[in-house]
Every structure is written in structure tokens, then in C-alpha cells.
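**Student:** From just these sequences and the hints, can you work out the full model?
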Amino acid sequence: MEHIDFSLVDWSRAQFALTALYHWLFVPLTLGLSFIIAFMETLYYRTGNPEWKRITKFWMTLFGVNFAIGVATGIILEFEFGTNWSNYSWFVGDIFGAPLAIEGIMAFFMESTFIAVMFFGWNKVSKKFHLASTWLVAIGSNLSALWILVANAWMQYPAGMRFNPDTARNEMVNFWEVLFSPVAINKFSHTVLSAYILASIFVIGVSAWFILKNRELPFAKKSIKIAAIFGIVASFLTMVTGDGSARNMAKYQPMKFAAMENLYDGQKNAPLVAIGILKEDKQEALHKKQDFRFQIEIPNMLSYMAFLDPNAYVPGIKDLVHGNPEYKIMSIKEKSEKGKVAIQSLAEYKNAKKAKNDTLAKSALTKFEANYPWFGYGYYAGRDEHELIPNIPLTFYSFRIMVGLGFHFLALFLVVLILLKKEKLEKSKIVLYTALWTIPLAYIASELGWIVAEVGRQPWVIQDILPAIAAVSQIKATSVQITFWLFFILFTGLLIAEIKIMLSQIKKGPATESESKL
Amino acid sequence: MKLIINNIIQFYYQGFRNMTIGKRLWTIIIIKLVLLFLVLKVFFFPNFLKTHFKTDAERSNYVIEQLTK
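Line order of the protein sequences matches chains X and L. Residue numbering for the first sequence follows this note's numbering, beginning at 225 and increasing consecutively. Residue numbering for the second sequence follows this note's numbering, beginning at 9 and increasing consecutively.
Honestly, the hints are just simulated from the structure, not real lab data. Beta carbons are placed, not taken as given, at the ideal position from N, Cα and C, and that holds for glycine. Keep in mind that the hints are not guaranteed to be accurate.
Facing chain L, from chain X, some residues (calculated, C-beta under 10 angstroms) [what the hints assert, rightly or not]:
1) E304
2) F315
3) L718
Using 30 angstroms as the maximum straight-line C-alpha spacing, the simulated DSS-like pairs for lysine-lysine come out as follows [as the list claims (entries may be wrong)]:
4) L:K58 / X:K700
5) X:K591 / L:K77
6) X:K445 / X:K732
7) X:K449 / X:K648
8) X:K351 / L:K10
9) L:K49 / L:K62
10) X:K732 / L:K31
11) X:K653 / X:K700
12) L:K31 / X:K348
13) X:K700 / L:K77
14) L:K62 / X:K577
15) X:K577 / L:K10
16) L:K10 / X:K352
**Tutor:** What follows is the structure, encoded as C-alpha cells:
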């Protein structure tokens with residue numbers, strides 16, 4: 225690349241990060257609460273106890289508030305693809321088109337049709353049909369997430385596609401490889417399960433507030449019981465899928481894995497730093513070697529986590545930058561050379577086609593296809609190799625805080641469930657206050673998960689194939705700055721509206737049958 | 009058939025009419041959609057390739073040029 229406007233690249237990335245993080249404030253509660261509501265209504269259907277109907281309706285109202293405020297916030301990301309990331313948008317071709325079209329047609333319509341029955345259908349449709357609608361809303365919401373996460377997983381691990389040099393687009397050759405890639409399966413399950421944890425924390429926290437206020441005790445205890453059980457199951461499954469995500473990362477995105485672990489020198493029997501403080505956090509040191517000021521390690525654990533073998537060699541940042549022939553790890557320099565060949569042969573192919581020179585086009589194409597897996601590295605030929613290392617402290621700390629909070633959530637679920645069983649929850653003020661103040665922590669953990677996934681893969685927009693510097697549109701950085709602040713204002717307004725309406729609904733508490741409406 | 013359609017219309021009509029908090033939420037949704045599609049999309053987020061080029065061939069040529077320069 226002759227000239228790179230880093231200000232444009234940075235603002236485009238910042239804007240995308242802002243909108244994605246804000247969008248994700250609304251999504252996980254919808255995903256998890258929809259299932260909690262479905263469980264509650266199932267209990268109403270099976271027992272006929274009107275208290276369960278009242279409980280269902282209260283949480284359904286909060287679900288409705290969150291759904292209404294959050295709906296369409298994700299569309300902004302699509303606007304950004306077309307305006308700020310046009311090279312990328314064109315380059316991904318129908319890989320994104322297919323999953324997003326399915327999302328629009330199948331999941332969104334399913335969700336929006338049955339959501340009307342869910343809110344307007346009480347006493348108007350049969351109990352069975354209403355329950356089915358509630359379940360379909362939950363399934364539809366989660367299916368929407370599936371298609372979005374499949375598209376995201378493809379960016380982390382491009383599979384099932386072929387690049388068409390005539391159109392400059394990646395074309396899907398195997399839909400099932402895209403849908404069932406190991407990264408897609410893990411990403412979807414880990415993400416939605418973490419959303420179930422967030423929703424469980426939300427229900428427990430709000431219910432704890434009712435107990436602290438000595439209001440609606442049977443309602444609060446019943447809600448906590450459902451949420452805690454759901455949260456425990458989701459927590460254990462999140463650990464399993466998180467473990468799978470780490471293994472995928474070690475295999476397909478080793479630089480992200482090494483940065484997340486601050487592993488500079490690769491090693492056998494690599495220990496996992498359970499708790500650690502890095503020495504440097506200055507701007508110039510963010511992408512370079514970091515020493516620990518303090519660390520607590522679990523011996524062999526990182527090798528086991530990455531390759532299910534405590535003796536396995538885990539490559540460090542140094543191996544990935546400079547290469548390690550013993551473990552067949554190519555250096556960035558070698559990859560950049562191959563990438564450069566891929567870029568040059570694509571240009572040669574295009575020129576040969578224009579000149580109708582089929583022989584030259586064929587040989588250029590062969591060269592291009594042989595080097596395409598390293599296409600993106602070509603943009604870094606002759607540049608500082610550290611540009612290919614993600615922000616180490618941010619990924620390192622985000623991962624550890626997320627995991628630490630995950631254990632806190634699991635402990636909270638277990639404690640509230642035990643106290644509930646022993647009928648001591650009302651007296652345990654510390655636990656109730658902890659539950660209440662864990663609500664913001666659940667949101668923090670959820671956002672940190674995205675930071676690990678997305679900051680950790682920088683500078684890649686599509687792993688190894690397209691970096692951010694080649695994906696942006698040639699527009700003015702100032703126009704991206706303006707829309708960044710516009711989004712900031714819009715989203716902050718929506719967030720304030722959400723919190724205000726939620727709080728007023730929570731303060732009102734569960735309604736009686738006669739006043740219960742959305 | 010006419011009866012079914014009428015029932016569906018009535019279902020939605022009554023549902024929307026009897027909303028309480030829902031009216032406030034719909035106001036937020038409508039304001040948000042107007043801002044997104046009629047302001048932000050139209051004035052700030054034109055599709056770069058669609059506005060600068062007429063055909064897909066021109067767009068692909070441009071992207072290849074960008075990727076290989």
C-alpha cells in the first residue's frame with residue numbers, strides 16, 4: 225500500500241468498536257431472558273398457578289423494554305460496512321450475504337411475528353399457543369444470533385470459500401463448512417451461553433432488590449430459583465465452550481492466543497498465568513515484549529489448554545514474528561513475501577485478462593492461488609512487524625477479568641440457591657447486595673469477551689487475508705469522526721432511556737392481573 | 009378467509025390500543041428508526057461503492073485496484 229491514512233483506519237475501527245459494544249449491551253439480555261421467560265411460562269402452563277403467570281409477565285415487560293430499545297441498533301454496523309469498510313464489504317462477497325439474509329428472513333420474522341402473540345395474546349389465544357409463541361421468540365432470537373456469529377466466526381477462521389479474482393469477491397463453495405466450522409460452533413455456543421449467564425444475573429439481581437426492600441418475596445424467590453439453576457447450567461457449559469474457544473484460538477489464531485497469555489518466548493510445558501500484572505502499559509510498549517511485575521502460574525496448564533497435552537509446545541509472540549523452523553512456524557517476513565507475491569500476481573492476472581493474454585493470466589492465477597492464504601501479510605512487507613501484534617495488555621487483562629468474573633457468577637448462583645433452599649436468603653444482606661451489584665459486572669464480563677475476541681485478532685479484519693489497513697474505504701477521516709460522535713450521542717441516549725424505563729418498571733413491581741399490560 | 013384476516017387485524021389493533029408502557033417504547037422505536045434510516049443512512053452513510061460506481065464490473069475493478077496498489 226502506497227499511502228495509509230492511519231487516522232482514518234483508527235477512527236473507522238473506533239466507530240465500529242463503539243457501535244458493536246453498545247449494540248452488545250442490549251443483545252445478551254434479550255437472548256437469555258427470552259429463555260428464562262419461556263421456563264417460567266412453562267411452569268405456569270403445567271401448574272396452572274397464577275403466580276407463575278404474574279412472574280412471567282413482569283419479566284416479559286422488562287424483556288419488551290430491552291428488545292424495543294435495542295432493536296435495529298445492529299443495523300448501524302451494516303451501514304458502516306457499506307460506507308467505512310467498502311473494500312472489505314465487497315471482498316467478503318456472499319459469505320456475509322447468505323447468513324445475514326437467512327437471519328433477516330427466518331429468524332427475524334419468526335421473532336417479530338410471535339413477539340406480538342407473546343405480548344398481545346394473553347387471554348386471546350390458547351395457553352398452549354401462547355406458550356409455543358414464547359418459546360418461538362426465544363428460539364428466534366437465538367437463531368438471529370447464530371447467523372451473525374457464523375459471519376463473525378468466518379472472519380476469524382475463513383472456511384468454505386474460494387476467492388474469485390475476476391470479481392475480487394470471496395464466494396461460498398460450501399455452506400456447511402461455513403456454518404459448522406469449529407470456530408463458528410464454539411463462538412455461537414460460548415456467546416449465547418454467556419448471554420444466559422448475564423440474564424440470570426439480571427433476574428437474580430433485580431429479585432434481590434425486591435427482597436432487600438421486603439417486597440414481593442414469593443415472586444423474588446421463585447425468580448431467583450429459576451435464574452440460578454439456569455445460570456449454573458449455563459456457567460458449566462460456558463466453561464466447556466470457553467475451553468474449546470481457547471483451543472481453536474491456539475490452532476487458528478496463535479498470535480491472539482500468545483498475546484492473550486502474554487507469552488513472548490514459546491515453550492513446552494507452558495504454565496498458565498492465572499493472575500498477573502504486567503510491567504509496561506505505555507503506548508509504545510503495547511505491542512512489544514512485556515515482563516511480569518507479578519504472576520501466579522499453574523504449571524503445564526497453558527500447554528494442556530491449547531493442545532490437550534501438558535508437554536506440548538505453545539508458540540510465543542517471538543516464534544510467530546521471527547519464525548521457528550523446529551516447530552515449522554513461518555516468520556512474518558516469509559509470510560509477507562508470499563503475501564506480496566499474491567498481491568502482485570492478482571494485479572498481473574487482472575492486467576493479463578485485460579490484454580487478453582490467457583497464458584500469462586493462467587500462470588499469474590496459479591501463483592496467486594498458491595500464495596492466497598498469506599494475502600493479507602503482503603500489506604506488511606517492509607513494515608514494522610509489531611503492527612501484526614495485537615494490544616497485549618488489553619487482551620491479557622480482559623481475558624483474566626472475564627474469567628475471574630465468570631467464577632464469581634458461578635459462586636453467586638450456587639450461594640443463592642443454597643441459601644434459598646435453607647430459607648436464609650432474606651437474612652443474607654451481603655449476598656443480596658452482592659447479587660444486585662453483580663448486574664453491572666455481568667455486562668462488563670460480556671463486553672470483555674468481545675474485547676478479547678476482536679482486539680485480540682487485530683490487525684485482521686479477515687484472519688491472514690485482509691487487514692484493517694486494506695479494508696477501509698477511501699473517505700475522509702473527519703466524516704468518520706462526526707458519525708462516531710453522532711452514534712455516541714444516539715446510543716448514550718438509548719442507554720439512558722433503557723435504564724430509566726427499566727428502573728421505573730422494576731420499582732412498580734409485578735402487576736396484578738387487571739393492570740398487567742405492556 | 010375474510011374472517012381470519014379481520015381477526016388478525018383486530019388482534020393487533022386491540023393489542024396496540026391497550027398498550028401502556030408499550031406506547032412509550034413504540035415512540036422510541038419510531039424516533040430511532042427515523043434517525044437511523046432517514047437521517048444517518050441518507051446523509052452520513054451512503055454506500056461508498058454504490059454511489060461512486062454504476063456497475064459491479066466497475067466496483068470490482070476499483071476494489072482490485074485498491075487491493076493491489
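**Student:** So, for every hint listed, does it hold in this structure?
**Tutor:** Okay, the hints, checked on the actual structure:
The restraint placing E304 (chain X) at the interface with chain L holds, with a minimum CB-CB distance near 7 angstroms, inside the 10 angstroms limit. With a least beta-carbon distance of about 7 angstroms to chain L, the hint placing F315 (chain X) at the interface is held under the 10 angstroms criterion. Nearest Cβ of chain L to the Cβ of L718 (chain X): about 7 angstroms, under the 10 angstroms cut. The hint holds. For the hint pairing K58 (chain L) with K700 (chain X), the CA-to-CA distance comes to about 17 angstroms; that is within 30 angstroms, so the pair holds.
The suggested pairing of K591 (chain X) with K77 (chain L) holds, with an alpha-carbon distance near 18 angstroms, which does not exceed 30 angstroms. Proposed proximity of K445 (chain X) and K732 (chain X) is supported: the alpha carbons are some 18 angstroms apart, at most 30 angstroms. Under the criterion of a C-alpha separation no larger than 30 angstroms, the hint pairing K449 (chain X) with K648 (chain X) is consistent with the structure, at around 13 angstroms. This hinted pair checks out: K351 (chain X) and K10 (chain L) have alpha carbons roughly 25 angstroms apart, not beyond 30 angstroms.
For a cut-off of 30 angstroms, the pair hint linking K49 (chain L) to K62 (chain L) stands: about 19 angstroms separates their Cα positions. A C-alpha spacing of about 17 angstroms is found between K732 (chain X) and K31 (chain L), which places the hinted pair at or below 30 angstroms, so the restraint holds. The suggested pairing of K653 (chain X) with K700 (chain X) is violated, with an alpha-carbon distance near 55 angstroms, which exceeds 30 angstroms. Only pairs whose Cα atoms come within 30 angstroms are accepted, and K31 (chain L) paired with K348 (chain X) is accepted, the gap being roughly 20 angstroms.
Restraint check for K700 (chain X) and K77 (chain L): satisfied, since their Cα atoms lie roughly 19 angstroms apart, inside the 30 angstroms limit. Between the alpha carbons of K62 (chain L) and K577 (chain X) the distance comes to roughly 21 angstroms, so the proposed pair stays at or under 30 angstroms and holds. As the CA atoms of K577 (chain X) and K10 (chain L) are separated by approximately 60 angstroms, the hinted pair breaks the 30 angstroms bound. The hinted pair formed by K10 (chain L) and K352 (chain X) meets the criterion: a straight-line CA distance of about 25 angstroms does not exceed 30 angstroms.
Violated hints, listed in ascending order, are 11, 15; each of the other numbered hints is respected by the structure.
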